[in-house]
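There are 2 protein chains.
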Amino acid sequence: MKITFLPQALTGEAEEGETILQAAIKAGASIDGNCAGMGTCGKCKVKVLSGNKEVCRDPHRKLSEQEIEQGVRLACCQPVSDGMVVEIPDSETTAARKKRLICLPEGFVRNAAVKKIFLSVPKASLLDQRSDEVRIREVLDKEELTFSGSVLRHMPKVLKESRDVTLTIRNNRVLYIEAGDKAKENYGVAVDIGTTTVVVLLWNLETGELVQAESGTNPQGAYGADVISRITYAMEQVENLETLHQAILQYINKAVEKFQKEAEIDPEHIYQYVVVGNTTMSHLFLGVDPSQLAASPFAPVFTGSVQIKAEELGLKANKNAVVYLAANIAGHVGSDITAGIITTDLMDCNKGHLFIDIGTNGEIVLTGKGRAVACSTAAGPAFEGSSVKQGMRAAGGAIERVELSEEEVQIAVIGGGKPIGICGSGIIDALGEMLRFGIVDKSGRLLSGEKLAKKGVCEKLAERVRPSEKGSEFVLYFSPDGKSDVVLSQKDVREVQLAKAAISAGISILMKEAGISADDLERISIAGAFGSYIRNTSAIHVGLLPPIEEDKIVSLGNSAGIGASMMLLSAACLAASERAAGNIEHIELAAREDFQEEYMAAMMF
Amino acid sequence: MKITFLPQALTGEAEEGETILQAAIKAGASIDGNCAGMGTCGKCKVKVLSGNKEVCRDPHRKLSEQEIEQGVRLACCQPVSDGMVVEIPDSETTAARKKRLICLPEGFVRNAAVKKIFLSVPKASLLDQRSDEVRIREVLDKEELTFSGSVLRHMPKVLKESRDVTLTIRNNRVLYIEAGDKAKENYGVAVDIGTTTVVVLLWNLETGELVQAESGTNPQGAYGADVISRITYAMEQVENLETLHQAILQYINKAVEKFQKEAEIDPEHIYQYVVVGNTTMSHLFLGVDPSQLAASPFAPVFTGSVQIKAEELGLKANKNAVVYLAANIAGHVGSDITAGIITTDLMDCNKGHLFIDIGTNGEIVLTGKGRAVACSTAAGPAFEGSSVKQGMRAAGGAIERVELSEEEVQIAVIGGGKPIGICGSGIIDALGEMLRFGIVDKSGRLLSGEKLAKKGVCEKLAERVRPSEKGSEFVLYFSPDGKSDVVLSQKDVREVQLAKAAISAGISILMKEAGISADDLERISIAGAFGSYIRNTSAIHVGLLPPIEEDKIVSLGNSAGIGASMMLLSAACLAASERAAGNIEHIELAAREDFQEEYMAAMMF
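Just so you know, the sequences run in chain order V and S.
Heads up, the first sequence stops at 605 in UniProt numbering, and the numbers go up one at a time, no gaps.
Heads up, the second sequence stops at 605 in UniProt numbering, and the numbers go up one at a time, no gaps.
Since the hints were made in silico from the structure, they are not lab data.
It is possible that part of the hints are untrue.
Any copy will do: because identical chains look the same in the list, a pair fits if it lies in one copy or spans two.
With a straight-line Cα cutoff of 27 Å, these simulated BS3-like cross-link-like pairs (lysine-lysine) come out [to be verified]: (1) Lys483 x Lys460; (2) Lys142 x Lys309; (3) Lys142 x Lys45; (4) Lys182 x Lys160; (5) Lys309 x Lys157; (6) Lys309 x Lys319; (7) Lys157 x Lys369.
Start from the sequences and build out the full structure, keeping to the hints where you can.
What follows is the structure, encoded as structure tokens:
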């Protein structure tokens with residue numbers, strides 16, 4: 001029996017009586033589940049698109065009627081049928097995985113600006129007629145406490161219900177009052193607005209628990225895939241800015257609505273948002289015209305942090321909740337970088353430390369010898385896979401690692417199974433290996449099989465180089481039917497070459513500016529998904545990173561989301577982010593006369 | 001020819017050819033005007049209700065078509081006709097008079113929290129790509145400046161129009177940005193919410209000019225004349241609180257709309273409100289349930305100052321304007337008293353100083369020997385004239401002064417003309433004089449004409465005492481037809497006696513509490529309209545005030561309105577008001593065992 005697994009289009013053979021789960025394992029498709037096929041955990045739900053849909057087993061009633069209607073079945077209980085097509089829910093979107101991406105640094109100390117305090121308010125008497133407000137100040141021993149209008153309006157009713165109340169306080173301002181002990185219902189939301197992906201994280205500020213996580217495509221993408229096309233759209237007519245502004249706010253609100261349902265929290269208990277993003281995303285989030293960012297001299301309207309009431313933006317939260325939009329560094333170095341910085345020890349400017357966030361733009365921060373400098377450089381979309389022929393984002397089916405030996409090519413595919421493309425880290429890895437074996441020379445030329453044979457490159461590898469319409473290509477994966485091979489072409493190599501040159505030249509300029517050499521570097525931190533998958537040796541081999549001992553290279557994961565969470569959970573981190581953004585000197589590469597020279601020099605591998 | 005002037009119902013004789021103005025002067029009716037009858041100032045407009053309405057002269061076209069239609073004429077140009085009835089616009093409501101009531105103390109130094117600054121924002125270049133926001137901080141040398149969201153949204157457009165802009169800043173927060181020099185368009189509103197009367201004052205915070213003033217009846221009066229009846233109304237059903245809350249807000253908004261029209265100001269240029277009132281009015285202004293104030297132990301929900309955005313209350317102003325509701329002292333000693341205090345030097349607690357605000361409640365503050373104590377005492381409505389048979393508020397037609405001699409009774413009437421009643425200061429004055437001549441004895445008995453004759457009180461005065469339905473009465477004014485005499489009856493004297501006993505006992509308790517005697521007093525300050533009209537000797541004679549040299553008694557005028565204005569115009573005064581309210585110890589008379597005793601003792605004149 002044949003069975004196909006989507007979205008990776010993995011096909012496998014299965015025998016009568018086998019379950020979908022057993023067939024998936026054989027085909028290399030990954031399905032969640034942790035009850036060893038007992039049907040108790042309900043985590044292995046898949047959707048049967050065609051084939052026998054009769055519900056065979058659901059011993060613990062894990063399937064709702066609606067799910068049954070939609071063809072959702074338990075993979076561990078449902079037998080295969082011939083020609084069956086099964087869709088596995090995108091495991092990157094499951095809550096557990098999303099949460100796993102957010103890992104606060106060791107030694108992080110929580111001390112959120114928002115605090116909830118349970119207290120007993122003494123009753124008044126003729127001998128003590130002071131107001132309830134004064135009484136509360138006394139119990140808390142906080143002379144400087146002020147009350148918002150809505151709290152004062154709410155207070156008499158609450159105190160009539162109970163003299164034992166919970167106050168929510170932020171910076172000596174009382175934001176909320178409730179009867180009874182509600183100290184644990186203290187939530188905050190950290191948001192990382194990427195141009196492509198938005199991550200929304202619900203934290204319990206009292207317990208420090210990451211309660212819910214949601215990520216997905218930035219809905220502004222419908223109006224332009226990248227920053228420049230979105231700014232262009234905003235400039236076309238006045239309403240467009242509002243459209244982009246509302247799109248991101250609505251996305252966040254929908255995520256919060258989902259949290260509300262799934263974690264059963266009351267939005268009244270959300271008291272703070274911390275939002276990070278690149279400078280354009282920050283402008284659009286606030287509804288500020290970003291057009292200055294699209295033309296020289298690229299000066300933003302604002303870079304500092306902004307505090308605004310959630311109510312003013314229409315974000316779901318307590319009436320007095322505050323939104324903190326973190327400080328940007330410059331027009332093309334945003335608060336996502338600021339957030340990334342506070343996840344590291346980059347605040348100590350005396351330590352040689354390089355921080356890189358590689359995407360369409362490469363943002364680079366370098367500290368050392370008492371200075372902190374930053375720049376951004378247009379790496380182009382090569383590292384995100386989109387200018388590479390078979391490039392794709394780091395998602396299921398992408399080749400993320402490549403290792404060459406004299407005999408063969410070994411590839412690792414995200415999620416297992418057959419590869420359908422190659423992501424940024426895979427591209428760097430493949431190129432690094434091809435350089436190591438001389439398949440690509442220092443100038444970036446992909447040598448023909450003939451030349452390779454002459455140079456003595458082993459036959460098995462040389463055979464993989466074949467001519468195509470536009471120059472040679474190297475086959476990373478031969479598909480059984482020959483129709484869906486995964487290759488890296490001469491043109492792909494050139495794209496990567498340009499991108500790596502831009503990053504590399506940026507690093508050189510910063511090192512020159514700060515008077516720091518590769519030997520001075522004690523650490524290189526790499527932000528984002530790219531950093532999680534990249535193989536350090538390959539990155540150095542390709543020349544993307546300066547030569548440094550491999551163990552000094554650290555991957556930070558989603559440092560923007562982690563940093564935003566830290567600001568939410570710690571007033572000290574929030575203050576540190578202000579200092580970090582303020583201390584960093586931005587270097588405009590376009591204004592440097594030596595940039596072109598460095599760029600040309602960096603072109604060689 | 002006969003002519004009648006309303007609303008005081010003054011009648012006079014006039015000769016053919018005389019103007020209305022000339023007839024008014026003869027009849028003792030006061031009409032504004034300052035062009036000596038040239039018809040150029042247009043200030044003497046009156047409404048002809050009956051008689052010859054033909055427009056005789058209007059040489060400088062001061063009358064609009066609508067006014068002509070309504071019968072409005074220039075009193076200096078219009079001749080009288082027989083039987084004419086003319087309505088003089090209530091002079092207490094004319095803008096000039098209203099403004100005259102507000103007089104800032106000598107030596108007052110302006111330094112408003114809200115500042116407008118005109119500056120030039122340098123353009124960015126490739127060598128200086130900092131954001132506009134950072135650039136502004138640098139020009140102003142204010143590292144700590146933060147920007148509100150709406151200012152950031154507005155900023156790109158404004159800077160495109162002009163790099164020369166005016167910023168409005170309050171406590172290091174930028175509230176507004178405009179192209180060009182708008183530094184002088186900086187307005188604030190001071191509001192004094194009395195239970196009976198509301199005063200709204202529009203100030204130019206840059207020039208210190210009182211631009212417009214408006215006062216009128218508190219519209220909450222429709223739901224209860226006094227504090228207790230309004231609280232009762234608020235407790236009847238939930239919506240009633242909102243009704244009272246909205247009534248006062250709408251009154252203020254209407255006043256501001258009027259200012260907007262008359263002074264041609266843009267509400268966007270109003271950046272701050274300072275609001276004072278008694279504690280119940282403060283609760284209702286914010287929409288906070290005042291019911292706790294109606295029952296023992298009378299503890300308010302709040303007493304401290306409250307800051308809230310004008311937008312949240314729906315008050316007309318700039319989007320980022322702030323409303324500052326001044327600090328109350330206790331449940332029955334409100335922020336109107338706090339405001340009054342800062343108009344005096346009462347902050348120095350080492351000086352013996354007594355501050356009294358007499359209305360339905362008498363609020364008393366006493367300082368000396370390092371302490372500041374306050375109480376409120378239910379004086380009843382006698383001093384506001386409403387429990388006195390012919391009592392009335394201090395308005396046109398009220399007897400405000402009374403002087404007795406052996407031969408006659410001299411009276412002064414507000415606005416001149418015939419008296420129609422007697423106001424608080426007139427009552428005290430009359431009583432003081434009647435005590436001086438032995439017409440009323442120390443126990444408060446109004447002696448009969450017979451007894452007076454026996455005691456040797458001169459005949460002319462004794463004749464004025466006549467029997468009435470309820471005991472004797474003393475005739476202050478004999479009307480020509482005998483139908484509208486103004487008298488003070490035995491019952492009136494008793495009412496005043498009770499009221500004065502309450503005030504006097506309150507003063508005694510405070511003096512006892514603070515260990516201060518009348519000899520220690522360096523000053524007595526009297527707040528409100530009552531203080532403006534009262535004759536000090538009479539107040540002492542009646543026993544309302546402790547015996548003190550007359551020149552140590554100071555009338556403060558509308559000290560609540562003046563104090564609110566000072567807080568608006570000076571951040572230092574605002575801070576002082578917080579300290580003042582915080583330092584004063586409130587003494588609850590109902591909790592004092594010695595109050596009844598003092599009260600009984602104070603009953604004697």
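Outcome of the hint check:
no., hint, in the structure
1, Lys483 x Lys460, "within (21 Å within a copy, 129 Å between copies)"
2, Lys142 x Lys309, "both (24 Å within a copy, 23 Å between copies)"
3, Lys142 x Lys45, "neither (53 Å within a copy, 58 Å between copies)"
4, Lys182 x Lys160, "within (17 Å within a copy, 49 Å between copies)"
5, Lys309 x Lys157, "both (25 Å within a copy, 23 Å between copies)"
6, Lys309 x Lys319, "both (8 Å within a copy, 13 Å between copies)"
7, Lys157 x Lys369, "neither (59 Å within a copy, 41 Å between copies)"
Comparing the model with each earlier hint shows violations of hints 3 and 7; every other hint is respected.
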